[in-house]
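Participant: Residue-level listing of the chains:
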Amino acid sequence: MVQELEQDNLQDIIDSNDIVVVQYSATWCGNCRIMKPKVKKLASELEAITFVIADAEKFPESRKLATVDNLPTFATFKKGAFVNQVQTNKFDVLKELVEEIS
Amino acid sequence: MKLPVIKHLSQFIEDNDEDFIIETIETLENLTEVSSLKDEELDVIGELVSNMYGALEVQKMVKDGTPKKEALNTFMSRVLGSIDK
Numbered sequence: 001m002v003q004e005l006e007q008d009n010l011q012d013i014i015d016s017n018d019i020v021v022v023q024y025s026a027t028w029c030g031n032c033r034i035m036k037p038k039v040k041k042l043a044s045e046l047e048a049i050t051f052v053i054a055d056a057e058k059f060p061e062s063r064k065l066a067t068v069d070n071l072p073t074f075a076t077f078k079k080g081a082f083v084n085q086v087q088t089n090k091f092d093v094l095k096e097l098v099e100e101i102s
Numbered sequence: 001m002k003l004p005v006i007k008h009l010s011q012f013i014e015d016n017d018e019d020f021i022i023e024t025i026e027t028l029e030n031l032t033e034v035s036s037l038k039d040e041e042l043d044v045i046g047e048l049v050s051n052m053y054g055a056l057e058v059q060k061m062v063k064d065g066t067p068k069k070e071a072l073n074t075f076m077s078r079v080l081g082s083i084d085k
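First to last, the sequence lines map onto chains A and B.
Start counting the first sequence at 1; every next residue gets the next number (the working numbering).
Start counting the second sequence at 1; every next residue gets the next number (the working numbering).
Incorrect hints may appear among the rest.
[As the list claims (entries may be wrong)] The list that follows gives simulated cross-link-like pairs (lysine-lysine, BS3-like), each with its CA atoms no further than 30 Å apart:
| id | chain 1 | residue 1 | chain 2 | residue 2 |
| --- | --- | --- | --- | --- |
| 1 | B | Lys-69 | A | Lys-58 |
| 2 | B | Lys-68 | A | Lys-38 |
| 3 | B | Lys-69 | A | Lys-90 |
| 4 | A | Lys-79 | B | Lys-69 |
| 5 | A | Lys-90 | B | Lys-68 |
| 6 | A | Lys-41 | B | Lys-68 |
| 7 | A | Lys-90 | A | Lys-38 |
| 8 | A | Lys-64 | B | Lys-63 |
| 9 | A | Lys-40 | B | Lys-69 |
| 10 | B | Lys-69 | A | Lys-41 |
| 11 | A | Lys-38 | B | Lys-69 |
| 12 | A | Lys-64 | A | Lys-79 |
| 13 | A | Lys-40 | B | Lys-60 |
| 14 | A | Lys-79 | B | Lys-2 |
Everything labelled a hint here was simulated from the structure, so no lab data went into it.
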């Protein structure tokens, strides 16, 4: 399942889940929109991982947890710590990032 | 995200209707489900969709009374403010 971040509290979610994959997104970002259904599909196959979509515009504190210099950025976190990130609109690249952490 | 493209699309919305843009976005987003799409084709679609969403955001501000130039600049500031560059 994919959780949409509703407040600037990504750190709390990262702290309370073993593995977290975050999609930093924005409402006007085309590639973010394109990736969203693909992320949802991946999340439905990997129930042990917490997937979060964070609005990079609305939640600056949550954005600081990864280097977000393009959108969409995908970041992985394990046991409360940042692991890796990638900017992509390619499902295969996202899958590799997730496989690396799972 | 390209300001001249967003400006052009904003003018198109003013002259016509935003429904054209919304339907085009829906069509392009649906097109990305084609599995044989090349990476560069996906990049182009993503960029086009971003510019169209950008134009809709700008038009929203214009409708609310913001002058067009200011709306364009405000939107681009929002874009830059969403990333750490």
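Participant: Now, for every hint given, state plainly whether the structure supports it.
Facilitator: Checked hints:
no. : hint                   : verdict
1   : B/Lys-69 with A/Lys-58 : 23 Å, holds
2   : B/Lys-68 with A/Lys-38 : 35 Å, violated
3   : B/Lys-69 with A/Lys-90 : 34 Å, violated
4   : A/Lys-79 with B/Lys-69 : 46 Å, violated
5   : A/Lys-90 with B/Lys-68 : 34 Å, violated
6   : A/Lys-41 with B/Lys-68 : 39 Å, violated
7   : A/Lys-90 with A/Lys-38 : 9 Å, holds
8   : A/Lys-64 with B/Lys-63 : 33 Å, violated
9   : A/Lys-40 with B/Lys-69 : 37 Å, violated
10  : B/Lys-69 with A/Lys-41 : 40 Å, violated
11  : A/Lys-38 with B/Lys-69 : 36 Å, violated
12  : A/Lys-64 with A/Lys-79 : 17 Å, holds
13  : A/Lys-40 with B/Lys-60 : 29 Å, holds
14  : A/Lys-79 with B/Lys-2  : 39 Å, violated
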